[in-house]
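Asks: Full structure from sequences and hints, please.
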Amino acid sequence: EAQVTQNPRYLITVTGKKLTVTCSQNMNHEYMSWYRQDPGLGLRQIYYSMNVEVTDKGDVPEGYKVSRKEKRNFPLILESPSPNQTSLYFCASSPGLVGQETQYFGPGTRLLVL
Amino acid sequence: AQSVTQLGSHVSVSEGALVLLRCNYSSSVPPYLFWYVQYPNQGLQLLLKYTSAATLVKGINGFEAEFKKSETSFHLTKPSAHMSDAAEYFCAVTDTGANSKLTFGKGITLSVRP
Chain F
429 EAQVTQNPRY LITVTGKKLT VTCSQNMNHE YMSWYRQDPG LGLRQIYYSM
479 NVEVTDKGDV PEGYKVSRKE KRNFPLILES PSPNQTSLYF CASSPGLVGQ
529 ETQYFGPGTR LLVL
Chain D
2 AQSVTQLGSH VSVSEGALVL LRCNYSSSVP PYLFWYVQYP NQGLQLLLKY
52 TSAATLVKGI NGFEAEFKKS ETSFHLTKPS AHMSDAAEYF CAVTDTGANS
102 KLTFGKGITL SVRP
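Just so you know, the protein sequences line up as chains F and D, in that order. Quick note, the numbering used here runs 428 ahead of the 1-based positions in the first sequence. Quick note, the numbering used here runs 1 ahead of the 1-based positions in the second sequence.
To be clear, the hints were calculated from the coordinates, so they are not data collected in a lab. One or more hints might be untrue.
Claimed, not checked - Calculated cross-link-like contacts (lysine-lysine; reagent style DSS-like; alpha-carbon spacing at most 27 Å):
| # | chain 1 | residue 1 | chain 2 | residue 2 |
| --- | --- | --- | --- | --- |
| 1 | F | 485 | D | 107 |
| 2 | F | 493 | D | 107 |
| 3 | D | 70 | D | 59 |
| 4 | F | 446 | F | 499 |
| 5 | F | 485 | F | 499 |
| 6 | F | 485 | F | 446 |
Replies: Right, dumping it as structure tokens:
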């Protein structure tokens, strides 16, 4: 089944404890992206990647890191999480690099930082 | 920069009534426009998209949207609401540039009354 998977789905952590949220897609997509969803703000892009080893900042990159060592994986790293990073996170992928391509979303990771 | 406006945060309709969810975009060139739906505790699922092929776009589950350049609008409609349509709906736009970033509206929660 073609899908985007994320792990973990739920995570509670404490301020400053490094964590990684994994994202993997099995559709051989070029483009991958991370968004965070907050009430009343919709979804905002954190980082994106147009290909292996090519990543760039989105609208809200502060406090996050990403890497794209393999085409299928795009982990999101929080080196020192803070409470304002409590949010719902979505990974997405699309076949190509143009805006008309449909983006496919993972099921989401709900993060609580105490 | 692209932006999307979804007025209001909540719409309530009776089962069988017309559903109308409004979306206006700001763009100096015709963008690509999307409607996504998010059911409780799930990721985002594409309802439909406009990519300049036709101004009236039909999507899944009986939804459709009409692109009106003169009004910079892309409103979502469904003739007859079903209880299963209760969800959060997001309008989104992408640039024609290199980053396929989706810029989302704040979302509208649709409730359907029996």
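Asks: Indicate, hint by hint, whether the structure satisfies it.
Replies: Here is how each hint holds up against the structure:
no.	hint	in the structure
1	F:485 - D:107	holds (21 Å)
2	F:493 - D:107	holds (25 Å)
3	D:70 - D:59	holds (17 Å)
4	F:446 - F:499	holds (24 Å)
5	F:485 - F:499	holds (18 Å)
6	F:485 - F:446	holds (20 Å)
Checked against the numbered hints listed earlier, the structure breaks none of them; every hint is satisfied.
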